[in-house]
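Colleague: Model the placement of chain B on the given structure of chain A, informed by the hints.
Each protein sequence line maps, in turn, to chains A and B. Take the first sequence: its letters are residues 22 to 262, numbered as in the numbering used here. Take the second sequence: its letters are residues 22 to 262, numbered as in the numbering used here.
Since the hints were derived computationally from the structure, they do not count as laboratory data. Keep in mind it's a predicted model, so treat the numbers as computed, not measured. For glycine and all other residues, C-beta sits at the position ideal for the given N, C-alpha and C.
Just a sample of chain B residues kept apart from chain A, beta carbon distances all over 10 Å, derived:
1) 89
2) 95
3) 138
4) 154
5) 214
6) 250
List of simulated lysine-lysine pairs, DSS-like, C-alpha gap at most 25 Å:
7) B:174 with A:174
8) B:43 with A:174
9) A:174 with B:162
10) B:258 with B:137
11) A:137 with B:174
12) A:96 with B:43
13) B:96 with A:43
14) B:174 with B:137
The residues making up each chain are set out below.
Protein chains: 2
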Amino acid sequence: MNTESRRNVEVCFTPGEYEYFKGEYEIIVVIDVLRATSAICVAFDNGVKSMIPVSTIEEAREYKEKGYLVGAERKGQIVEGFDFGNSPYSYMKEEVQGQEIVLTTTNGTKALNIAKDAETVIVASLLNLDAVCKWLENQDKNILCLCSGWQDKFNLEDTVCAGAISEYLLGTGMFTSSEDSSIAAKYLYLSAWLNPLGYLKSSSHRRRLKNLNLNEDIKYCLTPNQTTVIPILKNGKLVKL
Amino acid sequence: MNTESRRNVEVCFTPGEYEYFKGEYEIIVVIDVLRATSAICVAFDNGVKSMIPVSTIEEAREYKEKGYLVGAERKGQIVEGFDFGNSPYSYMKEEVQGQEIVLTTTNGTKALNIAKDAETVIVASLLNLDAVCKWLENQDKNILCLCSGWQDKFNLEDTVCAGAISEYLLGTGMFTSSEDSSIAAKYLYLSAWLNPLGYLKSSSHRRRLKNLNLNEDIKYCLTPNQTTVIPILKNGKLVKL
Chain A
22 MNTESRRNVE VCFTPGEYEY FKGEYEIIVV IDVLRATSAI CVAFDNGVKS
72 MIPVSTIEEA REYKEKGYLV GAERKGQIVE GFDFGNSPYS YMKEEVQGQE
122 IVLTTTNGTK ALNIAKDAET VIVASLLNLD AVCKWLENQD KNILCLCSGW
172 QDKFNLEDTV CAGAISEYLL GTGMFTSSED SSIAAKYLYL SAWLNPLGYL
222 KSSSHRRRLK NLNLNEDIKY CLTPNQTTVI PILKNGKLVK L
Chain B
22 MNTESRRNVE VCFTPGEYEY FKGEYEIIVV IDVLRATSAI CVAFDNGVKS
72 MIPVSTIEEA REYKEKGYLV GAERKGQIVE GFDFGNSPYS YMKEEVQGQE
122 IVLTTTNGTK ALNIAKDAET VIVASLLNLD AVCKWLENQD KNILCLCSGW
172 QDKFNLEDTV CAGAISEYLL GTGMFTSSED SSIAAKYLYL SAWLNPLGYL
222 KSSSHRRRLK NLNLNEDIKY CLTPNQTTVI PILKNGKLVK L
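For reference, chain A alone in the conformation it holds in the complex (with noise of 0.2 Å):
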């Protein structure tokens, strides 16, 4: 294959940047491994029929008032009031399944809901990531790895989930990167993949430690290759691809 034909595969670190890379891909992956984009993984491979990310609390409100079943996160915690938060473990109960789930969280329904406008969304994470490279490598369309960050900022767990696509997709031959991002989210993978979770452990220290029950959720958010589900955004709803 010559060079020309090549698609781009590129990195976006925060949905701040967005706006400088919109446009230009038709593909957009949304990562946000700790833990919204797990948390949806998880939810559809336990049955969930499709779930409606939403931006604001008071969106989450409406819908819980007219009776969905609704998951709403803010700073790591579950919303009181609301059924879920977004622990990958409250999505693996039966009646989740064949359900419409609505979902607010800190970060990740952010980067969903600022991506929207683009030909396909797909969510990933972790746990869905060869799934993900797969599919990828037969589109033949530009793709952009959108990282949910950390309010506003930079994450080192979506980066290294972003530079781990890229890094196969980059394999196949068929994909070019040109950006600076892009470049730097395959170091990153590269220097984390021989001890995921140690190189990891770094980044999530000060949110695990402000949430005692969080170690077990980070620990299964970073083990890779748990599903092979891919949810895909459609009329504004999630659904299983």
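Modeller: Just chain B, lined up with the frame of chain A:
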């Protein structure tokens, strides 16, 4: 020294993210390796008395009409009608000695201007790396390395320079880092240091291609420790520390 009394050294990747960091750091270290802060270091090393960073071409033009020597760069080129761009070589002239020079560049002067209300703002590049590290080590202040980026996006060479500064300060035992961006900058610096020119080639490639004369500039700017000068912002003007 116990952990409590350690100072922070953190890295902010782009001027756009500065708002999420600002207010917590007494010293802001502005970095634009290719080429604004490198050129500023060279200018002071060649005897410039002071430099006035301005954000717009219009402001620069007003100074030019008043008779100042003015540097103005946009998209890597000297803007027509001005005396200098941001090539370090253009400041290696006897005529700059003792002069006050006005400067506007795509990324670097923008970063200087958004940081200007901080207690202390200094200018760093790879050219004055050691001098900056040793000076910072003795200040007992919280430090933020502010990368200028490239047109509001992350760039690799500024991040590697910031990573070098923070790695040095962390090594003294008197500083600590907690932001993921700082951890990433450190890793990127550590992967770059054995062969910085090779490492950063991928980064500067597209810019180098745009201008055949950039090759020498890039090589110069990526060669550490060619001066011990540290420019510092005082009442809106850069002067020698």
